[in-house]
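There are 2 protein chains.
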Amino acid sequence: MPTYNPPLRDMQFVMHEVLNVVDELKEIPRHADVDTDTLNAVIEEGGKFASQVLQPLNLSGDTEGCVLDKTTHEVKTPTGFKDAYAQYVEGGWAALSCDPEYGGQGLPIVANQCVYEMLNSANQAWTMYPGLSHGAYEALHAHGTPEQKKKYLPKLTSGEWTGSMCLTEPHCGTDLGLLRSKAEPVGDGTYKITGNKIFISAGEHDMASNILHLVLARLPDAPKGSKGISLFLVPKFHVNDDESLGERNPVFCTGLEHKMGIHGNSTAQLSLEGAVGTLVGEPNKGLQAMFVMMNAARLGVGNQSLGLTEVAYQNALIYAKDRLQMRSLSGPKAKDQPADPIIVHPDVRKMLLTAKAYAEGGRAMSIYCAMLLDKALYHPDEKVRKDSDELVALLTPIVKAFLTDNGFAATNHAMQVFGGHGYIHETGMEQYVRDARINMIYEGTNTVQSLDLLGRKILGNQGATLKKFGKLIAALVQEEGVNEKMSEFINPLGYLADQMTKFTTEIGFKGFINPDEVGGASVDYLRVAGHLVFGYFFARMASVALKKQAEGSTDPFYTAKLQTARFYFARLFPETASLMRTARSGVANLLETDEALA
Amino acid sequence: MPTYNPPLRDMQFVMHEVLNVVDELKEIPRHADVDTDTLNAVIEEGGKFASQVLQPLNLSGDTEGCVLDKTTHEVKTPTGFKDAYAQYVEGGWAALSCDPEYGGQGLPIVANQCVYEMLNSANQAWTMYPGLSHGAYEALHAHGTPEQKKKYLPKLTSGEWTGSMCLTEPHCGTDLGLLRSKAEPVGDGTYKITGNKIFISAGEHDMASNILHLVLARLPDAPKGSKGISLFLVPKFHVNDDESLGERNPVFCTGLEHKMGIHGNSTAQLSLEGAVGTLVGEPNKGLQAMFVMMNAARLGVGNQSLGLTEVAYQNALIYAKDRLQMRSLSGPKAKDQPADPIIVHPDVRKMLLTAKAYAEGGRAMSIYCAMLLDKALYHPDEKVRKDSDELVALLTPIVKAFLTDNGFAATNHAMQVFGGHGYIHETGMEQYVRDARINMIYEGTNTVQSLDLLGRKILGNQGATLKKFGKLIAALVQEEGVNEKMSEFINPLGYLADQMTKFTTEIGFKGFINPDEVGGASVDYLRVAGHLVFGYFFARMASVALKKQAEGSTDPFYTAKLQTARFYFARLFPETASLMRTARSGVANLLETDEALA
Chain A
1 MPTYNPPLRD MQFVMHEVLN VVDELKEIPR HADVDTDTLN AVIEEGGKFA SQVLQPLNLS
61 GDTEGCVLDK TTHEVKTPTG FKDAYAQYVE GGWAALSCDP EYGGQGLPIV ANQCVYEMLN
121 SANQAWTMYP GLSHGAYEAL HAHGTPEQKK KYLPKLTSGE WTGSMCLTEP HCGTDLGLLR
181 SKAEPVGDGT YKITGNKIFI SAGEHDMASN ILHLVLARLP DAPKGSKGIS LFLVPKFHVN
241 DDESLGERNP VFCTGLEHKM GIHGNSTAQL SLEGAVGTLV GEPNKGLQAM FVMMNAARLG
301 VGNQSLGLTE VAYQNALIYA KDRLQMRSLS GPKAKDQPAD PIIVHPDVRK MLLTAKAYAE
361 GGRAMSIYCA MLLDKALYHP DEKVRKDSDE LVALLTPIVK AFLTDNGFAA TNHAMQVFGG
421 HGYIHETGME QYVRDARINM IYEGTNTVQS LDLLGRKILG NQGATLKKFG KLIAALVQEE
481 GVNEKMSEFI NPLGYLADQM TKFTTEIGFK GFINPDEVGG ASVDYLRVAG HLVFGYFFAR
541 MASVALKKQA EGSTDPFYTA KLQTARFYFA RLFPETASLM RTARSGVANL LETDEALA
Chain B
1 MPTYNPPLRD MQFVMHEVLN VVDELKEIPR HADVDTDTLN AVIEEGGKFA SQVLQPLNLS
61 GDTEGCVLDK TTHEVKTPTG FKDAYAQYVE GGWAALSCDP EYGGQGLPIV ANQCVYEMLN
121 SANQAWTMYP GLSHGAYEAL HAHGTPEQKK KYLPKLTSGE WTGSMCLTEP HCGTDLGLLR
181 SKAEPVGDGT YKITGNKIFI SAGEHDMASN ILHLVLARLP DAPKGSKGIS LFLVPKFHVN
241 DDESLGERNP VFCTGLEHKM GIHGNSTAQL SLEGAVGTLV GEPNKGLQAM FVMMNAARLG
301 VGNQSLGLTE VAYQNALIYA KDRLQMRSLS GPKAKDQPAD PIIVHPDVRK MLLTAKAYAE
361 GGRAMSIYCA MLLDKALYHP DEKVRKDSDE LVALLTPIVK AFLTDNGFAA TNHAMQVFGG
421 HGYIHETGME QYVRDARINM IYEGTNTVQS LDLLGRKILG NQGATLKKFG KLIAALVQEE
481 GVNEKMSEFI NPLGYLADQM TKFTTEIGFK GFINPDEVGG ASVDYLRVAG HLVFGYFFAR
541 MASVALKKQA EGSTDPFYTA KLQTARFYFA RLFPETASLM RTARSGVANL LETDEALA
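Protein chains in written order, with the UniProt record's numbering: chain A, 1 to 598; chain B, 1 to 598.
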């Protein structure tokens with residue numbers, strides 16, 4: 001069975017040495033008191049919960065799965081899940097970064113980001129239950145009426161109740177404009193909702209006493225398409241004025257999906273049979289309200305793959321040092337053993353370092369995004385709020401798609417290090433691959449993310465936000481340009497940043513003439529953008545490590561960081577050369593293929 | 001549930017229009033009578049068997065899996081597997097390319113290659129049972145004593161009995177030199193074999209009345225390491241002189257692995273408890289004897305992924321035309337529908353075309369290799385036999401690794417086209433991904449293949465065999481160099497062929513100084529070599545298609561082939577640019593990482 005060791009040192013490095021989050025948070029009144037010790041204590045305790053409580057349930061949860069009782073419509077989660085959730089609520093983890101007005105601890109999102117990475121490493125399927133709840137919390141917090149907030153937010157904050165996102169229907173996922181669920185006004189301000197939803201993660205379970213479903217449906221006479229969709233709050237059990245639970249609402253789980261992975265999470269088919277709900281946000285503007293939840297969820301999905309990347313890497317590393325097989329090509333290394341540990345082989349190291357670099361780059365980028373979210377929400381300067389919001393909007397599709405593509409590659413590499421043993425369920429490595437696979441699909445496929453990035457976030461404002469990020473890179477290049485030790489990192493980064501401007505303009509121009517050109521380039525473009533961001537953070541991390549060494553530090557952590565950055569620029573970053581070439585090849589080689597795809 | 005339509009037209013195109021196999025076979029006396037109609041009839045019937053008998057058992061076989069009765073040590077295969085196997089034997093499929101001396105039909109390996117591709121498309125897990133048997137047939141045919149051949153080959157040929165390859169032990173897979181199973185001479189020419197084997201595909205099942213295990217073990221006083229391993233034939237049931245089955249031999253299945261995929265195949269843990277066997281080949285030269293089987297198996301594994309690539313592509317194509325979701329970026333295409341079919345989206349096409357190009361390139365390469373095997377075995381000219389043997393030895397690790405890496409990418413793309421529905425078991429798409437994953441591991445991991453290619457097959461003879469393949473490319477470039485319509489295919493191919501020589505020399509030189517440099521470059525090198533081979537075959541196929549069109553053909557098949565070739569060169573082939581860059585980055589960025597991998 002896999003093990004898990006929370007990467008506290010690397011999180012602390014990113015927070016305190018690279019991003020200086022405590023200083024940044026000091027500018028935000030509600031986080032001004034957050035200090036290094038507090039953040040370190042939170043992640044240390046979070047790491048204990050993840051590794052001691054959740055990790056032991058991951059493999060068994062996969063084996064056991066969820067079970068639906070078709071007569072009661074109740075779902076039993078795998079053994080131990082319910083108890084672990086009770087401990088989670090008891091420990092106050094659900095409330096960590098929630099609003100104190102509703103009982104939250106009010107800690108910055110940066111803290112939550114690190115804790116969630118560890119929960120995901122330990123058990124992605126389990127973590128989806130509180131993860132979806134937190135998304136529901138955010139949507140209600142942003143768009144709920146004062147009555148809804150008062151009635152529901154405290155229990156979502158504490159975690160006593162959970163939430164779900166009910167978007168998908170059998171005939172529509174990406175294209176929510178097609179959805180058919182109906183909401184009929186009852187006349188008392190409530191609505192009766194009827195329809196069938198599928199793929200509802202954490203849609204039914206036995207871990208909390210109530211579930212608050214956020215449901216997309218159409219009002220009578222709503223405009224067609226995506227402009228006629230409204231958002232409703234549909235509780236599993238109605239809530240009485242004294243906060244006790246009332247009648248069961250007819251929103252029933254009618255089936256659970258048999259999936260490739262995340263078996264421990266119940267993926268429910270829900271039948272709404274005149275279930276009573278209340279409107280969240282304005283009529284016909286449900287998608288806007290839901291987008292709050294979806295943006296958070298997209299960063300959350302990237303974080304799931306970051307977690308899997310880290311834990312898969314850790315276990316592959318242990319195995320590579322332990323497994324004796326063949327000799328090094330340059331002569332025996334473990335002469336007293338019958339064979340060398342497989343970590344002597346260059347390609348085994350390449351697979352390990354790929355996973356490690358993806359984890360470390362992803363961690364830096366994700367914590368950076370969390371810090372931007374903290375600023376976007378509560379920084380006193382409006383311009384900082386706006387800039388932060390725009391930057392995180394730009395980075396969100398990259399986090400979602402780049403980190404999940406990387407996570408799939410990384411978990412596959414980690415599994416490959418195990419050879420045939422990686423294919424066996426009991427080692428736990430193939431589960432990481434199966435679990436990681438969904439992250440490339442849900443909350444908007446990675447193709448959809450690439451169109452969001454290139455079409456909306458970049459070309460949609462003539463590259464203005466991209467230029468903001470470009471300025472950060474330019475500043476770093478200028479600062480470090482004369483530092484010879486940094487040249488191996490700064491040169492390729494600066495070169496790609498220069499190319500990126502031209503590359504973007506080119507595609508923008510082609511897309512202006514033929515919009516399909518954007519769709520023909522976007523997936524490759526997103527990966528190039530991902531490397532630009534990773535390159536920026538690896539250069540910053542390398543710069544910090546070099547400074548520490550110059551100051552006399554002999555901590556092997558900094559040597560390790562430099563080795564990983566060097567590997568990253570030499571072995572992963574050059575992928576951009578081919579990606580730019582294929583992205584530039586034009587859409588005709590995809591669209592003029594009717595006979596080939598006949 | 002997925003469907004499957006045998007790609008007969010494309011197989012016929014490769015065999016008859018590109019490779020002219022009938023003409024090539026005319027030079028081989030035992031195949032001189034094989035004509036186009038015979039080959040077409042064989043693959044047509046094979047396709048029917050695959051699509052009608054095996055395909056319907058694929059998803060159910062995955063769901064049901066194999067069950068071991070721990071008291072009897074007998075394994076029950078999924079419902080329908082045994083009946084399908086009886087039909088397979090009855091239809092004479094097992095005997096297709098076997099030696100007529102032992103009851104075989106004596107058809108060329110080219111025919112078997114096409115049939116096996118289709119069997120693999122329909123049901124990889126099932127196909128492994130006859131596949132392993134055929135490997136055992138080949139090893140016995142090459143290395144068995146006359147008595148062994150007489151006693152066992154007829155039943156292996158007919159398929160009444162099956163075979164297995166018993167190599168792996170818990171502590172050794174790649175490094176067979178470490179194996180511990182022991183063989184004690186009894187004194188009557190037989191041996192008592194004791195040991196534990198794991199990961200034995202088709203190692204125990206209910207589909208045949210007897211199983212012939214080919215077992216690697218050590219004789220007393222055998223030299224240490226890989227030079228002290230001998231090969232033994234250990235039947236599940238002893239065979240009496242009258243060919244009836246005798247006593248049960250103590251080779252027992254003690255467990256079945258729980259695997260990521262290929263659930264329909266029984267992956268057995270075998271305990272040999274003084275099981276009686278006979279020596280195959282010479283003492284201590286078991287690895288050489290087993291290599292016959294392993295080389296065939298490596299081509300067979302590439303063929304498994306080719307099969308999965310094709311069937312996954314077919315189903316994704318159907319879905320992409322059927323699923324309505326969003327509008328084309330360049331305006332609605334299906335105006336009478338609520339949304340466009342997703343095939344209008346450039347990236348969906350890219351995913352489909354990637355799978356299609358990998359299937360078609362893989363098919364051409366695999367049939368070519370089969371033809372080389374036919375020549376290597378029975379061509380009357382010794383030089384042709386030798387050249388063919390060397391060329392297929394060069395191509396074998398490429399087929400194994402390149403086709404299985406491609407197959408994993410292709411099945412993942414096909415699954416991605418299904419969006420969330422691809423993650424659901426019942427659509428069958430995620431099974432293709434899980435099944436395809438093992439192909440990158442077993443019969444020598446893809447890293448091992450890359451070392452075999454670069455270290456042994458290329459640098460081992462100073463690039464002599466590679467030069468032979470290079471001559472084929474040079475001839476094509478010369479022939480087509482003046483044909484303007486071919487320039488989009490020939491130019492990049494010729495350019496890569498030129499670079500390849502320099503690239504190989506460089507690595508060879510670095511490897512001479514530090515052997516680890518070979519291990520640091522080999523995986524990227526193999527993918528470049530794979531594209532060189534695919535590029536060659538796509539150029540040849542494009543050349544044929546252009547000629548047919550010049551002759552007046554309006555068959556959309558040729559238009560399709562040109563579109564696929566164009567896509568291949570524009571979108572997949574350019575990967576070589578990055579691969580050469582990373583391969584050239586040197587092994588230091590992998591090996592000087594002790595702190596990073598601490």
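Everything labelled a hint here was simulated from the structure, so no lab data went into it. One or more of the hints may lead you astray.
Given that identical chains are not distinguished, each listed pair holds provided it fits within a single copy or across any two copies.
Once the Cα atoms are required to be at most 20 Å apart in a straight line, the calculated EDC-like pairs of lysine to aspartate or glutamate come out as [unchecked claim]:
| # | residue 1 | residue 2 |
| --- | --- | --- |
| 1 | K383 | D555 |
| 2 | K335 | D175 |
| 3 | K502 | D221 |
| 4 | K333 | E592 |
| 5 | K227 | D340 |
| 6 | K471 | D387 |
Every value quoted in this text rests on a predicted model; they were computed, and no experiment measured them.
Hints broken by the structure, by number, lowest first?
-> 1 and 3
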